[in-house]
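Protein chains: 2
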Amino acid sequence: MLDKPVRGFPLREFEERLERAQKLMSTNDLAGILLMSEPEVRYFSGFNTQFWQSPTRPWFLFVPAEKKPIAVIPEIGAILMRSTWIDDIRTWSAPCPKDDGISLLQDLLDPFSKSKARLGIMKGHETGLRMPLMDYERLMSSLPGVELVDATNMIRHLRMIKSVAEIEKIEHICKIASQTFEKAGKIFYKGQPLAEAFRAFRIECLTQGADDVPYLAGGADQGGYRDIISPPSNRPLQSGDILMFDTGATFDGYFCDFDRNYAVENVDDISRRAYDTLWRATEAGISAARPGISCQDLFQSMQNVISEMDDQGGEVGRYGHGLGMQLTEWPSHATFDETVLEENMVITLEPSLNYGEGRIMVHEENLVVQNGAPRLLSVRAEPEIPIIGFS
Amino acid sequence: MLDKPVRGFPLREFEERLERAQKLMSTNDLAGILLMSEPEVRYFSGFNTQFWQSPTRPWFLFVPAEKKPIAVIPEIGAILMRSTWIDDIRTWSAPCPKDDGISLLQDLLDPFSKSKARLGIMKGHETGLRMPLMDYERLMSSLPGVELVDATNMIRHLRMIKSVAEIEKIEHICKIASQTFEKAGKIFYKGQPLAEAFRAFRIECLTQGADDVPYLAGGADQGGYRDIISPPSNRPLQSGDILMFDTGATFDGYFCDFDRNYAVENVDDISRRAYDTLWRATEAGISAARPGISCQDLFQSMQNVISEMDDQGGEVGRYGHGLGMQLTEWPSHATFDETVLEENMVITLEPSLNYGEGRIMVHEENLVVQNGAPRLLSVRAEPEIPIIGFS
Numbered sequence: 002m003l004d005k006p007v008r009g010f011p012l013r014e015f016e017e018r019l020e021r022a023q024k025l026m027s028t029n030d031l032a033g034i035l036l037m038s039e040p041e042v043r044y045f046s047g048f049n050t051q052f053w054q055s056p057t058r059p060w061f062l063f064v065p066a067e068k069k070p071i072a073v074i075p076e077i078g079a080i081l082m083r084s085t086w087i088d089d090i091r092t093w094s095a096p097c098p099k100d101d102g103i104s105l106l107q108d109l110l111d112p113f114s115k116s117k118a119r120l121g122i123m124k125g126h127e128t129g130l131r132m133p134l135m136d137y138e139r140l141m142s143s144l145p146g147v148e149l150v151d152a153t154n155m156i157r158h159l160r161m162i163k164s165v166a167e168i169e170k171i172e173h174i175c176k177i178a179s180q181t182f183e184k185a186g187k188i189f190y191k192g193q194p195l196a197e198a199f200r201a202f203r204i205e206c207l208t209q210g211a212d213d214v215p216y217l218a219g220g221a222d223q224g225g226y227r228d229i230i231s232p233p234s235n236r237p238l239q240s241g242d243i244l245m246f247d248t249g250a251t252f253d254g255y256f257c258d259f260d261r262n263y264a265v266e267n268v269d270d271i272s273r274r275a276y277d278t279l280w281r282a283t284e285a286g287i288s289a290a291r292p293g294i295s296c297q298d299l300f301q302s303m304q305n306v307i308s309e310m311d312d313q314g315g316e317v318g319r320y321g322h323g324l325g326m327q328l329t330e331w332p333s334h335a336t337f338d339e340t341v342l343e344e345n346m347v348i349t350l351e352p353s354l355n356y357g358e359g360r361i362m363v364h365e366e367n368l369v370v371q372n373g374a375p376r377l378l379s380v381r382a383e384p385e386i387p388i389i390g391f392s
Numbered sequence: 002m003l004d005k006p007v008r009g010f011p012l013r014e015f016e017e018r019l020e021r022a023q024k025l026m027s028t029n030d031l032a033g034i035l036l037m038s039e040p041e042v043r044y045f046s047g048f049n050t051q052f053w054q055s056p057t058r059p060w061f062l063f064v065p066a067e068k069k070p071i072a073v074i075p076e077i078g079a080i081l082m083r084s085t086w087i088d089d090i091r092t093w094s095a096p097c098p099k100d101d102g103i104s105l106l107q108d109l110l111d112p113f114s115k116s117k118a119r120l121g122i123m124k125g126h127e128t129g130l131r132m133p134l135m136d137y138e139r140l141m142s143s144l145p146g147v148e149l150v151d152a153t154n155m156i157r158h159l160r161m162i163k164s165v166a167e168i169e170k171i172e173h174i175c176k177i178a179s180q181t182f183e184k185a186g187k188i189f190y191k192g193q194p195l196a197e198a199f200r201a202f203r204i205e206c207l208t209q210g211a212d213d214v215p216y217l218a219g220g221a222d223q224g225g226y227r228d229i230i231s232p233p234s235n236r237p238l239q240s241g242d243i244l245m246f247d248t249g250a251t252f253d254g255y256f257c258d259f260d261r262n263y264a265v266e267n268v269d270d271i272s273r274r275a276y277d278t279l280w281r282a283t284e285a286g287i288s289a290a291r292p293g294i295s296c297q298d299l300f301q302s303m304q305n306v307i308s309e310m311d312d313q314g315g316e317v318g319r320y321g322h323g324l325g326m327q328l329t330e331w332p333s334h335a336t337f338d339e340t341v342l343e344e345n346m347v348i349t350l351e352p353s354l355n356y357g358e359g360r361i362m363v364h365e366e367n368l369v370v371q372n373g374a375p376r377l378l379s380v381r382a383e384p385e386i387p388i389i390g391f392s
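Residue numbers (the working numbering), protein chains in the order written: chain A, 2 to 392; chain B, 2 to 392.
One or more of the hints may lead you astray.
Identical copies look the same in the list; a pair holds intra-copy or inter-copy alike.
[Claimed, not checked] When the alpha-carbon atoms are kept at most 35 Å apart in a straight line, the in silico DSBU-like pairs for lysine-lysine are as follows:
#1 Lys187 - Lys69
#2 Lys187 - Lys117
#3 Lys99 - Lys5
#4 Lys191 - Lys24
#5 Lys24 - Lys69
#6 Lys187 - Lys5
#7 Lys5 - Lys176
#8 Lys24 - Lys184
#9 Lys115 - Lys191
#10 Lys117 - Lys176
#11 Lys184 - Lys124
#12 Lys115 - Lys187
#13 Lys24 - Lys115
Rather than coming from a laboratory, the hints here were simulated on the basis of the structure.
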């Protein structure tokens with residue numbers, strides 16, 4: 002197994018995140034931001050637990066314009082939260098449907114209502130409300146003086162730029178996934194049901210050092226796959242299949258997200274050409290991915306190549322995205338996204354194309370944007386589709 | 002590996018779910034329910050994908066009071082949705098921040114606004130809003146005639162009662178987890194960092210046939226653990242530890258959720274007593290878990306035993322919960338929950354207690370409520386804490 006980066010972050014990391022947030026809050030005249038989603042609570046506190054898998058309990062972190070964040074959380078999380086840098090931890094015995102943290106939040110936020118302050122909440126693209134809508138409405142109606150502002154763009158800007166320690170974690174899980182893909186010829190076999198190939202991949206990825214493999218998608222079909230989000234069937238792998246695996250594995254709460262294509266024993270010309278086109282589109286994206294370019298221009302750099310085979314654009318809706326604490330993060334490499342790349346953004350390049358008879362092919366790499374050429378975090382795919390033969 | 006139940010469900014299963022829902026909608030004078038959360042969309046459509054891991058795209062299913070559900074989803078999901086029993090599938094190229102399905106929803110729901118209809122949405126306990134709040138507000142303000150009603154209790158009632166096919170899936174993953182726990186003495190070893198024990202458990206659980214292990218929590222410490230939601234440290238397992246693993250593994254989209262405690266080589270008297278108390282509390286819960294009993298009374302049946310050692314109640318906040326498509330589902334075995342158990346509910350019994358010096362112990366089993374004694378889905382834990390010795 003690879004040497005692991007240190008888990009967690011030094012105190013300075015959280016202090017810097019808070020400083021950057023408070024600077025933006027000052028610019029935007031915000032008195033605080035109320036957060037309740039897993040990545041954001043973790044980003045500002047270091048609170049890292051799988052317990053979010055249970056939808057039963059809400060968790061809150063309030064980031065004030067001055068001073069440290071305040072946690073308002075179920076009692077069951079108190080010990081873990083006390084191990085973070087957060088001092089002010091307010092808890093209740095949850096679940097408690099009649100008052101799941103609401104009166105604690107009211108006590109905390111009432112002074113802001115009285116002073117007619119502006120508070121931020123995340124309500125924009127790629128967010129959700131991780132608390133009952135009914136409780137949210139009750140909370141807000143009890144704070145009539147608060148002016149609510151969408152803080153999505155502020156948080157998005159903070160989280161898109163990764164620290165050195167964050168990049169280390171993403172790089173580590175990318176290496177683990179790359180090593181797992183290197184074993185493809187050994188863990189997959191002819192006649193293996195696709196579902197068993199998925200199982201073998203997960204086990205190998207854990208063996209190589211992943212903490213978990215929360216996302217694994219793939220497909221396999223004669224001359225090309227047609228769907229990239231279905232669960233695996235029990236159809237056996239067979240000669241002439243194109244096989245694709247796309248994995249979002251994690252280390253210390255950070256994701257990789259890339260895929261690999263394989264031809265089983267042989268490949269038809271059009272699939273070979275599709276692979277080559279995607280590979281060159283990715284190459285164009287790698288060349289283009291420098292500080293200062295917009296995501297829409299980055300999309301176009303890949304689309305210029307893809308259009309050799311497919312000028313419709315695919316149903317994926319974009320050619321890659323941000324990556325980090327979530328499998329997919331802002332920005333999107335798409336015509337609508339004017340985000341300008343900056344140093345230390347971690348992104349995927351994920352061109353896709355549709356070709357003969359409803360087939361789709363996707364290809365994905367992970368990289369960090371830096372001055373000059375980007376640094377690839379995934380081991381670059383072979384320029385020609387690898388043919389795996391089964392003994 | 003165990004023989005697997007058939008994946009997916011026969012058409013009749015979805016027809017019955019819809020019939021039951023529409024009967025409740027008729028009783029509650031609802032013209033339709035708009036759903037957007039993974040379990041609910043899957044429950045009514047069979048749409049089963051890990052793609053929900055990406056927060057980028059919203060997915061909608063509208064269940065009308067008559068006729069079949071209508072899917073409003075990103076184009077990338079169209080092929081998979083067409084493989085379900087849903088016929089009316091409306092798609093857009095997502096992500097599209099300016100209009101992520103909103104105008105499609107407006108077209109669909111505008112007639113209900115014009116007719117001043119009552120529509121349901123889930124906004125109660127244990128729910129969240131899986132779309133941007135801003136988009137939700139925009140959608141609803143464009144439907145001024147719609148009277149919105151909280152449909153949480155209706156959906157909760159439907160989903161709490163499991164079908165035979167659902168119970169088969171839960172039983173299967175419970176068997177897999179039970180077999181994994183049986184290997185404890187083989188996969189754990191002295192000096193093994195807890196994080197590596199987690200890895201070994203995940204790999205064994207996959208090897209035994211789990212599709213995935215989305216939730217794995219645990220703890221190990223001298224004479225007892227103090228925290229049950231932290232990620233595993235690299236502290237090596239050692240003589241005198243109490244080791245606990247709690248797993249939410251999945252088969253075909255259904256969860257198990259139970260734990261096991263082990264003493265490493267030896268155990269102190271108070272931990273032995275804590276284990277015995279929890280085991281007997283669970284036994285009391287098993288005896289009590291029959292159709293007609295309320296969850297608060299079920300809680301009390303366990304608390305009567307727990308109070309021998311701990312009359313404060315633990316920070317877990319309840320002594321078990323529902324189980325199925327999510328790791329934790331309604332109801333809660335807690336003083337606030339008046340839900341009455343019915344045949345074919347699948348629940349966990351999960352008493353916990355605090356004992357000397359901040360130590361906590363938890364114990365959990367999974368069962369299906371039926372006429373007469375319940376049927377255990379997990380292989381019952383040993384009545385005395387198992388001592389695992391490392392060679």
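Q: Run the structure past the numbered hints and jot down the numbers of the failing ones, going up.
A: 1, 2, 3, 4, 8, 9, 10, 11 and 12
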